[in-house]
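Given the sequences, and given the hints that come with them, work out the whole structure.
Chain order of the listed sequences is A and P.
First residue of the first sequence? That's 1 in my numbering, and the numbers climb one at a time after it.
First residue of the second sequence? That's 308 in my numbering, and the numbers climb one at a time after it.
Be a bit skeptical, because a hint or two may be false.
Said to hold, decoys possible - These stretches of chain P come out as covered by chain A in the derived footprint (C-beta under 8 Å, 3 or more residues):
#, segment
1, 330-338
2, 370-380
3, 391-399
4, 452-463
What the hints assert, rightly or not - Not everything, but these chain A residues come out facing chain P in the computed CB check (under 8 Å):
#, residue
5, Leu2
6, Pro3
7, Leu4
8, Thr34
9, Pro38
10, Leu49
11, Arg54
Unchecked claim - For the chain P half of the interface with chain A, some residues (derived, Cβ under 7 Å), not all of them:
#, residue
12, Ala352
13, Thr353
14, Val388
Keep in mind the hints are simulated off the structure, nothing from the lab.
We put the CB at the ideal spot given by N, CA and C, even for glycine.
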Amino acid sequence: MLPLPRFAWQAPDTLHGLLDAAARPGARILAGGTDLLPSMKHRLHRPSLLVSARRLPELAAIYEDGDDLCIGAFATLRAVRRHPVVRAELPALADACATVATPTIQAMGTLGGNLCLDTRCAFYNQPEGWRQALGGCLKADGDVCHVARKGAGCYAAHSADTVPVLWLLGARARIAGRRGTREVPVSELYDGADGRRWLRLEPGEVLTHVLVPRRGAPVVHHKVRLRASIDYAALLVAVRREGSGARAVISAVGPAPVEVRAARAEELPDLAHARVKPLGTHVVSTAWRRHMVRVAVRRALDACPVP
Amino acid sequence: MSDPTRPGGSPPEPPRSRGPGRGPASEVVASFLVNGEAVRALVPATRTLLEFLRDELGLTGTKHGCDLGDCGACTVLVDGVPRLACLTLVAELEGAAVTTVEGLAADGRLSPIQDALDRHGAAQCGYCTPGIAVNLTALLAEEPHPDDAAIREVLGSNICRCTGYTRILDAAREVAGGGQ
Ligand SMILES: Cc1cc2nc3c(=O)[nH]c(=O)nc-3n(C[C@H](O)[C@H](O)[C@H](O)COP(=O)(O)OP(=O)(O)OC[C@H]3O[C@@H](n4cnc5c(N)ncnc54)[C@H](O)[C@@H]3O)c2cc1C
Ligand code: SF4
Ligand code: FES
Ligand code: FES
Numbered sequence: 001m002l003p004l005p006r007f008a009w010q011a012p013d014t015l016h017g018l019l020d021a022a023a024r025p026g027a028r029i030l031a032g033g034t035d036l037l038p039s040m041k042h043r044l045h046r047p048s049l050l051v052s053a054r055r056l057p058e059l060a061a062i063y064e065d066g067d068d069l070c071i072g073a074f075a076t077l078r079a080v081r082r083h084p085v086v087r088a089e090l091p092a093l094a095d096a097c098a099t100v101a102t103p104t105i106q107a108m109g110t111l112g113g114n115l116c117l118d119t120r121c122a123f124y125n126q127p128e129g130w131r132q133a134l135g136g137c138l139k140a141d142g143d144v145c146h147v148a149r150k151g152a153g154c155y156a157a158h159s160a161d162t163v164p165v166l167w168l169l170g171a172r173a174r175i176a177g178r179r180g181t182r183e184v185p186v187s188e189l190y191d192g193a194d195g196r197r198w199l200r201l202e203p204g205e206v207l208t209h210v211l212v213p214r215r216g217a218p219v220v221h222h223k224v225r226l227r228a229s230i231d232y233a234a235l236l237v238a239v240r241r242e243g244s245g246a247r248a249v250i251s252a253v254g255p256a257p258v259e260v261r262a263a264r265a266e267e268l269p270d271l272a273h274a275r276v277k278p279l280g281t282h283v284v285s286t287a288w289r290r291h292m293v294r295v296a297v298r299r300a301l302d303a304c305p306v307p
Numbered sequence: 308m309s310d311p312t313r314p315g316g317s318p319p320e321p322p323r324s325r326g327p328g329r330g331p332a333s334e335v336v337a338s339f340l341v342n343g344e345a346v347r348a349l350v351p352a353t354r355t356l357l358e359f360l361r362d363e364l365g366l367t368g369t370k371h372g373c374d375l376g377d378c379g380a381c382t383v384l385v386d387g388v389p390r391l392a393c394l395t396l397v398a399e400l401e402g403a404a405v406t407t408v409e410g411l412a413a414d415g416r417l418s419p420i421q422d423a424l425d426r427h428g429a430a431q432c433g434y435c436t437p438g439i440a441v442n443l444t445a446l447l448a449e450e451p452h453p454d455d456a457a458i459r460e461v462l463g464s465n466i467c468r469c470t471g472y473t474r475i476l477d478a479a480r481e482v483a484g485g486g487q
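Dropping the structure here:
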């Protein structure tokens, strides 16, 4: 039995109430809970208040809004994956939702929760006693990083399956706070400098919608993992061809995804390999993951239609 | 500190837009159905559905495996959709209909997938079996004749350390192929 630490729960029935509750000290948004609750059972987070959006079904709606598909942040990955517009026009997003964990977890986990997924590390996502045996680490209860002992910060890996695809599709995150609403490209939502502060949300801000442009060149999602189900990525790649060039967004290698551009598409695998250096945040061999950067980018490009 | 739960008691109240939960609460009230019977739970906000089913309702068919979302042993249906009971707060269930493995049989007879799992010898230690029966029930309700890829994808939600899945697949294929 892994009991949850003590917290209070609240389910406001207006957006205003949700933002007020989220702004309380120690509050956290509870969406599907598939990332937050396991972490709380491991004592990685101890929020004093969980704020649920279950009384705000409009924040889980998916609708067409001009040239965008507007996806409520609390829509489940299952709902996103099955939505007719996603299937017909944004198949890479459906593919990315389909590689998250398992179908059962996709029915619980939300798109917003995926965008806000905590960064992950083999020394961090562990039971409390396991971590204590090592004296903790920078990201939780300690003062050294076991991945890079001489490093200045934490290198825990951004591991959200849908983010590289949303980044290349040009998606925007709509964020609400008590002082108003703002919109940020998904590509600007993350900070790669430190795995403890990877997400550019101010305290109390809530992601309410993800706006995905429906037109544009196709994107291809490619996930490298050990088993065909449930595993987090050893490497995540999305690619898009643009004229004779191409772009890749590569993740699961550091606190934020990394974008690599090539003027000529065939150069993209080598450029990515030169640029992206996975660290030992994962149980899978770092050398193999490094090798797989080139392979995965090439495979994704091969699957990506030439415009 | 938690109680009173009264299976078979008063019918669940409809979800209230201005009911409990408007302010922060460390004890919560939720009314919902479990296998068709009305339940009113007064529990700490931290209570998971898995703890509630097993420890308070005595419904131990839903298994406690990893408690972290990894294994699928605790799978139940909430409004017909599979969910992990270990990662579901009772607080979130107001107005919901929960079905556990105990709710699959009708009139004392195993459901078709339960019966097939039994006849194919698909259980060894049996710890994964309730979660698998629940998950395949949802798949077959939605898609009576799923192909192999669909069955395999759904079974990816449940870890079985004993059988190697072959007999589970055989049982699912038999029910999926029935009538075709
Ligand atoms: C066994 C297992 C395997 C998994 N494998 C994968 C995988 O392969 N790939 C993957 O990407 N994920 C994986 N996950 C993680 C998770 O299921 C998904 O990332 C899911 O999309 C998270 O969404 P959620 O709604 O459950 O988030 P929650 O757990 O509810 O929230 C996650 C975090 O985001 C915050 N948050 C949530 N919504 C908002 C919002 N709207 N505004 C502001 N903050 C918010 C929460 O406060 C919390 O800190 C796995 C989880 C488990 C248990
Ligand atoms: S990268 Fe270092 S500091 Fe960050 S979680 Fe891993 S061990 Fe801890
Ligand atoms: S006990 Fe819930 S997934 Fe393992
Ligand atoms: S029969 Fe033992 S885990 Fe499946």
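These are the hints, each one checked on the structure:
no.: 1; hint: 330-338; in the structure: holds (count 5)
no.: 2; hint: 370-380; in the structure: holds (count 6)
no.: 3; hint: 391-399; in the structure: holds (count 6)
no.: 4; hint: 452-463; in the structure: holds (count 3)
no.: 5; hint: Leu2; in the structure: holds (4 Å)
no.: 6; hint: Pro3; in the structure: holds (7 Å)
no.: 7; hint: Leu4; in the structure: holds (4 Å)
no.: 8; hint: Thr34; in the structure: holds (6 Å)
no.: 9; hint: Pro38; in the structure: holds (5 Å)
no.: 10; hint: Leu49; in the structure: holds (5 Å)
no.: 11; hint: Arg54; in the structure: holds (6 Å)
no.: 12; hint: Ala352; in the structure: holds (4 Å)
no.: 13; hint: Thr353; in the structure: holds (4 Å)
no.: 14; hint: Val388; in the structure: holds (5 Å)
Going down the numbered hints, you'll see the structure goes against none, and every one checks out.
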